[in-house]
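Construct the complete structure from the given sequences, taking the supplied hints into account.
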Amino acid sequence: QVQLVESGGGLVQPGGSLRLSCTASGSIFSLYDMGWFRQAPGRQRELVALITSGGSTNYADSVKGRFTISRDNAKNTVYLQMNSLKPEDTAVYYCNARTIGTNAWGQGTLVTVSS
Numbered sequence: 001q002v003q004l005v006e007s008g009g010g011l012v013q014p015g016g017s018l019r020l021s022c023t024a025s026g027s028i029f030s031l032y033d034m035g036w037f038r039q040a041p042g043r044q045r046e047l048v049a050l051i052t053s054g055g056s057t058n059y060a061d062s063v064k065g066r067f068t069i070s071r072d073n074a075k076n077t078v079y080l081q082m083n084s085l086k087p088e089d090t091a092v093y094y095c096n097a098r099t100i101g102t103n104a105w106g107q108g109t110l111v112t113v114s115s
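Start counting the sequence shown at 1; every next residue gets the next number (this note's numbering).
Relax, there's no trap hidden among the hints.
Beta-carbon label-pair distances, calculated as ranges:
(1) Asn83 x Thr52: 16 to 26 Å
(2) Glu88 x Ser25: 28 to 38 Å
(3) Gly15 x Ile100: 37 to 47 Å
(4) Lys86 x Gly26: 26 to 36 Å
(5) Thr52 x Gln3: 12 to 22 Å
(6) Ser25 x Ser115: 30 to 40 Å
(7) Gly15 x Ala40: 14 to 24 Å
(8) Gln107 x Arg66: 21 to 31 Å
(9) Ser115 x Ile28: 34 to 44 Å
(10) Asn103 x Asp72: 13 to 23 Å
(11) Thr102 x Asn58: 15 to 25 Å
(12) Gly65 x Ile28: 26 to 36 Å
Simulated crosslink set (SDA-like; lysine to any residue; CA at most 25 Å straight-line):
(13) Lys86 x Asn58
(14) Lys64 x Pro14
(15) Lys75 x Val5
(16) Lys86 x Asp61
(17) Lys64 x Arg98
(18) Lys64 x Arg19
(19) Lys86 x Thr112
(20) Lys75 x Leu47
(21) Lys86 x Ser7
(22) Lys86 x Thr68
(23) Lys75 x Thr99
(24) Lys75 x Gly10
(25) Lys86 x Leu110
(26) Lys64 x Gln81
(27) Lys86 x Gly9
(28) Lys64 x Ser7
(29) Lys75 x Gln107
(30) Lys75 x Arg19
(31) Lys86 x Ser62
(32) Lys64 x Leu47
(33) Lys64 x Leu110
(34) Lys86 x Gly15
(35) Lys75 x Leu18
(36) Lys86 x Val12
(37) Lys64 x Leu11
(38) Lys86 x Gln107
(39) Lys86 x Thr57
(40) Lys75 x Gly54
Don't read these hints as lab results, they were simulated from the structure.
A virtual CB, placed ideally from N, CA and C, is assigned to each residue, including glycine.
What follows is the structure, encoded as structure tokens:
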């Protein structure tokens, strides 16, 4: 079973940037579709960005043009570059790994966008 550890969250001012990282262990990283989800207080968890094992990407409309997902299979790591951050981006961000028979989650990292 894959294990996921996120890092890179924190407090940032509106308009600022952060890069989240998620490192996987315990399995063949390159076979997984990797995603970033987020959950704000009182709201359901939602998909932010997805990158497939083949490198195709998909984004929520709310982050298109501001966020970029990428992966480095040699480092077993997926990244989420977040630019032009807004207060409404404040949430716990979770890394997700999926393949047939597997749906694994990290512990989450908090992103707070506030002045």
